[in-house]
Amino acid sequence: MNAQEKTMDVTLRVWRQKGPDQPGRFVSYAAKGVTPEMSFFEALDTINEGLVAKGEDAIAFDHDCREGICGTCCLTIEGQPHGPDQAATGCQLHMRAYKDGDAITIEPFRARAFPVIKDLVVDRSALDRVMASGGFVSVNTGSAGEANAILVPKDKAEAAMDAAACIGCGACVAACPNASAMLFVSAKVSQFALLPQGGPERDRRVLAMQRQMDLEGFGNCSNEGECEAVCPKEVKLANIARLNREYIRAMFWSHEVHPKVDLEGQEE
Amino acid sequence: MRWLCDFLNSSIGKKISVGLAGLFLCGFVVPHLLGNLLLFVGMAQFNAYAHFLQANPLTPAAELGLLALFLLHGTVALWARWQNWRARPVGYDTVASKGGRTIGSRTMTYTAFLVLAFLILHVAMFKYGWGSAFHDEELFQRVMDFFRNPWIAGGYALALIGLGLHLSHGFESAFQTLGVNHPKYTPFIKVLGVLFAVAVAGAFAAIPIWACFLGGAK
Ligand code: HEM
Ligand code: FES
Numbered sequence: 005m006n007a008q009e010k011t012m013d014v015t016l017r018v019w020r021q022k023g024p025d026q027p028g029r030f031v032s033y034a035a036k037g038v039t040p041e042m043s044f045f046e047a048l049d050t051i052n053e054g055l056v057a058k059g060e061d062a063i064a065f066d067h068d069c070r071e072g073i074c075g076t077c078c079l080t081i082e083g084q085p086h087g088p089d090q091a092a093t094g095c096q097l098h099m100r101a102y103k104d105g106d107a108i109t110i111e112p113f114r115a116r117a118f119p120v121i122k123d124l125v126v127d128r129s130a131l132d133r134v135m136a137s138g139g140f141v142s143v144n145t146g147s148a149g150e151a152n153a154i155l156v157p158k159d160k161a162e163a164a165m166d167a168a169a170c171i172g173c174g175a176c177v178a179a180c181p182n183a184s185a186m187l188f189v190s191a192k193v194s195q196f197a198l199l200p201q202g203g204p205e206r207d208r209r210v211l212a213m214q215r216q217m218d219l220e221g222f223g224n225c226s227n228e229g230e231c232e233a234v235c236p237k238e239v240k241l242a243n244i245a246r247l248n249r250e251y252i253r254a255m256f257w258s259h260e261v262h263p264k265v266d267l268e269g270q271e272e
Numbered sequence: 041m042r043w044l045c046d047f048l049n050s051s052i053g054k055k056i057s058v059g060l061a062g063l064f065l066c067g068f069v070v071p072h073l074l075g076n077l078l079l080f081v082g083m084a085q086f087n088a089y090a091h092f093l094q095a096n097p098l099t100p101a102a103e104l105g106l107l108a109l110f111l112l113h114g115t116v117a118l119w120a121r122w123q124n125w126r127a128r129p130v131g132y133d134t135v136a137s138k139g140g141r142t143i144g145s146r147t148m149t150y151t152a153f154l155v156l157a158f159l160i161l162h163v164a165m166f167k168y169g170w171g172s173a174f175h176d177e178e179l180f181q182r183v184m185d186f187f188r189n190p191w192i193a194g195g196y197a198l199a200l201i202g203l204g205l206h207l208s209h210g211f212e213s214a215f216q217t218l219g220v221n222h223p224k225y226t227p228f229i230k231v232l233g234v235l236f237a238v239a240v241a242g243a244f245a246a247i248p249i250w251a252c253f254l255g256g257a258k
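Sequence lines, in order, name chains A and B.
Quick note, the working numbering runs 4 ahead of the 1-based positions in the first sequence.
Quick note, the working numbering runs 40 ahead of the 1-based positions in the second sequence.
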């Protein structure tokens, strides 16, 4: 038998929950004849086809691009958000990571700020509200300016790009022992703070985003580093230090008073 | 002054308060340790140092400042931990670290309570002579009397190893919290944090171990 023909039988232990305020429980499903080159999500698809054929409710799980760029998928696989691979999303995981007879536990991302909608799908709009509170630059629209009108040093541009690689999947929150969103917020604050275009709203932005992050009920960072380890885009802890510096600067050196924001991200 | 309340209420502000107070506490630990190491030098030298501190008019002010630092550090840290605990009401069935956490960072809350319990007993015993048969003895004698008891000596050594664990994460963590993360300095700070933790725990714990088990109290 060559590698292509090898198949395996695995058991998926999946969190099933009918709705937001319903009780949930684990249900085990047998996935038979899985091939190593199948993606993890294809194994779930196979189970879902079986469930639908039997007239049962398919397992709800979030996914869109299935190639690691959209940040929609949000599974905790065997206790690891996005599963065992480094620098990869759950949709990029393949069954070759497992062997015949494995039992694999799949849970939703867990955080108070990410309530479960159904089964493995959670509501991550808290991250959107953090962005709406300050994760933008206010510019006049119109024809695009001359690209080299504002010069950006290459190292700054690259650091900003590295921060902007964040796809907002929320795995940092899911992996953090404190359910803190600091890695996400730090990436979003950094991508602007590093560039001249982000300068004018710098102080206001960090205070507003920090405030919104706290209002959403995320925990406090204690520098554990689990977020950096699971981040599919390898966003670094150095961004969190930058967020702290931006915050100190805005709090103690700027004239900005703490902007008041409500849960919709609007200024009062 | 609303901004100051906002600062203390914010997640980052809380962390900065805990980290700064923690670093000041690290700054206290060093001279305290150096002073205590005079126990190894001799009875006369150690007692002279104790008299100097007791007679110094600045000592009560320093003690008050230290108490304020402990209260700030401990209460804000535990407040943050309480919020963290509430931030994940439904936990995971399976948790597998991908790397990042260390024994020091995992045990922060436990070592905090261990150090807190230790500090209360420590001040009661050595400063106020609680549990001591004599109330007017010289400090050297009091230390040795306490440490002759292997339970007290063992408990002290254990609590100080707990402090070492606390610092093994706390020291470097405080720098990150204050925004110091730099390719040139961070590797150095990490190594320094571990060395500091080992040195503090080792040197402090050496005192009861020496006094009780190696015949120092004879
Ligand atoms: C000599 C005694 C102590 C020293 C030198 C010390 C030092 C530190 C330092 C440097 C940190 C890191 C702060 C940061 O990450 O920014 C820390 C964290 C912490 N300390 Fe202490 N500490 C001491 C005693 C205590 C006590 C008595 C308590 C509790 C009553 C406590 C509770 C905590 C907690 C819970 C944290 C973690 C905070 C977090 O990251 O959320 N510590 N400590
Ligand atoms: S589905 Fe788009 S990143 Fe996973």
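Be aware that one or more of the hints could be misleading.
Stated by the list, open to error - Computed cross-link-like contacts, EDC-like style, restricted to lysine to aspartate or glutamate with a CA-CA straight-line distance of at most 20 Å: (1) A:160 x A:207; (2) A:122 x A:13; (3) A:36 x A:49; (4) B:224 x A:13; (5) A:22 x B:133; (6) A:122 x B:103; (7) B:230 x A:207; (8) A:36 x A:25; (9) A:36 x A:60; (10) B:224 x B:178; (11) A:103 x A:82; (12) B:167 x B:178; (13) A:36 x A:68; (14) A:237 x A:150; (15) B:224 x A:162.
FYI, nobody ran anything at the bench for these hints, they're computed from the structure.
Nothing here was measured: the structure is a model prediction, and the numbers come from that model.
Each hint, compared with the structure:
Restraint check: the Cα-Cα separation between residue 160 (chain A) and residue 207 (chain A) comes to about 19 Å, which is no more than 20 Å; the hinted pair holds. Note on residue 122 (chain A) and residue 13 (chain A): the hinted pairing is violated, with a Cα-Cα distance of about 26 Å set against a maximum of 20 Å. With a CA separation close to 12 Å, the supplied pair residue 36 (chain A) and residue 49 (chain A) stays within the 20 Å bound. At most 20 Å may separate the alpha-carbon atoms for a hinted pair to count; residue 224 (chain B) and residue 13 (chain A) exceed this at roughly 50 Å.
Only pairs whose Cα atoms come within 20 Å are accepted, and residue 22 (chain A) paired with residue 133 (chain B) is accepted, the gap being roughly 18 Å. Straight-line distance between C-alpha atoms of residue 122 (chain A) and residue 103 (chain B) comes to about 55 Å, which puts the hinted pair past the 20 Å bound. Between residue 230 (chain B) and residue 207 (chain A) the alpha-carbon distance is near 30 Å, which puts this suggested pair outside the 20 Å criterion. Taking the CA atoms of residue 36 (chain A) and residue 25 (chain A), the gap is about 33 Å. The hint is violated against a cut of 20 Å.
Distance check on the hinted pair: residue 36 (chain A) and residue 60 (chain A) sit about 18 Å apart at the alpha-carbon level, within 20 Å; holds. Note on residue 224 (chain B) and residue 178 (chain B): the hinted pairing is violated, with a Cα-Cα distance of about 49 Å set against a maximum of 20 Å. In summary, the hint linking residue 103 (chain A) to residue 82 (chain A) is supported, as the alpha carbons are separated by about 14 Å, within the 20 Å threshold. Distance hint between residue 167 (chain B) and residue 178 (chain B) is fulfilled; the C-alpha atoms sit about 11 Å from each other, no more than 20 Å.
Our distance criterion of 20 Å between C-alpha atoms is broken by residue 36 (chain A) and residue 68 (chain A), whose separation comes to about 25 Å. Simply put, residue 237 (chain A) and residue 150 (chain A) have alpha-carbon atoms about 30 Å apart, too far for the 20 Å limit, and the pair is violated. The hinted pair formed by residue 224 (chain B) and residue 162 (chain A) meets the criterion: a straight-line CA distance of about 18 Å does not exceed 20 Å.
In this structure, the earlier hints numbered 2, 4, 6, 7, 8, 10, 13 and 14 are contradicted, and the remaining ones agree with it.
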